[in-house]
Amino acid sequence: QVQLVESGAELKKPGSSVKLSCRVSTDTFTSYAISWVRQAPGQGLEWVGGVRPTFGAPNYAQAFQGRVAFTADESTQTVYMELRALRFEDTAVYFCTRAGIMATANYFFAYWGRGTRVTVSP
Amino acid sequence: EIVMTQSPAMLSVSPGERVTLSCRASQSVRLNLAWYQQKPGQAPRLLMYSVATRDTGVPARFRGTGSGTDFSLTINSLQSDDFAVYFCQQYDQWPLTFGGGTKLEI
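Chains A and B supply the protein sequences, listed in that same order. Quick note, the first sequence lines up with residues 123 to 244 if you use the working numbering. Quick note, the second sequence lines up with residues 381 to 486 if you use the working numbering.
Because the hints were derived from the structure by calculation, they are not lab data. A portion of the hints provided could be inaccurate.
Claimed, not checked - List of simulated lysine-lysine pairs, BS3-like, C-alpha gap at most 30 Å:
| # | chain 1 | residue 1 | chain 2 | residue 2 |
| --- | --- | --- | --- | --- |
| 1 | A | K141 | B | K419 |
| 2 | B | K483 | B | K419 |
| 3 | B | K419 | A | K134 |
As the list claims (entries may be wrong) - Residues of chain A placed beyond 10 Å of chain B at every Cβ, according to the derived structure:
| # | residue |
| --- | --- |
| 4 | V127 |
| 5 | R145 |
| 6 | A232 |
| 7 | R236 |
Glycine included, each C-beta is placed from N, C-alpha and C at the ideal position.
Turn these sequences into a full structure, and let the hints steer you where they fit.
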């Protein structure tokens, strides 16, 4: 059973950075991509980017290029997302997800964490 | 970027009815299409992938069809547990993109 456990809610000021974590409980940590998908209040879903831990560079949606960075710690099976230069419109729930297809860069999201609420407010 | 368009945005239906949700891609995504169900305050749940493959535990009353640019999710004999928001997602090309969702309400 795959479990994704995310860090707690964050309240940040515009212009600051936030770093979220996602601990992945699975015996195939490096075989599947871990992505972040966000959902602004009352809105749809938006893919931020994904990384296959310890295997290749992360892939980011163009809307976040230059502001986001994913890192992974294989020893703790944790993936981190740092989002910089926060804006009011970054206020959203950020879901950590795991791909449903092994070893590919194009995938659907088979497993979801409960989400981390990030609020950007002065 | 492939734009996914879902219609309608909202659908009022009654338990026991059959409903069909539509998802259209701005260019062909072949068979690389997934559907998710989301209930208030919860994370989305994968329902279907590769258009028509139900994820583990998804009831047989859910059926996915289509290919290329036009896709449908049909739910037969709606149950109270099915009233939620449904999203489609293409994974044929980067960036991975979602439709705007269809809300099923009683």
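*Please write out, lowest number first, the hints stated earlier that are contradicted by the structure.*
The structure breaks hints 6, 7; every other hint is satisfied.
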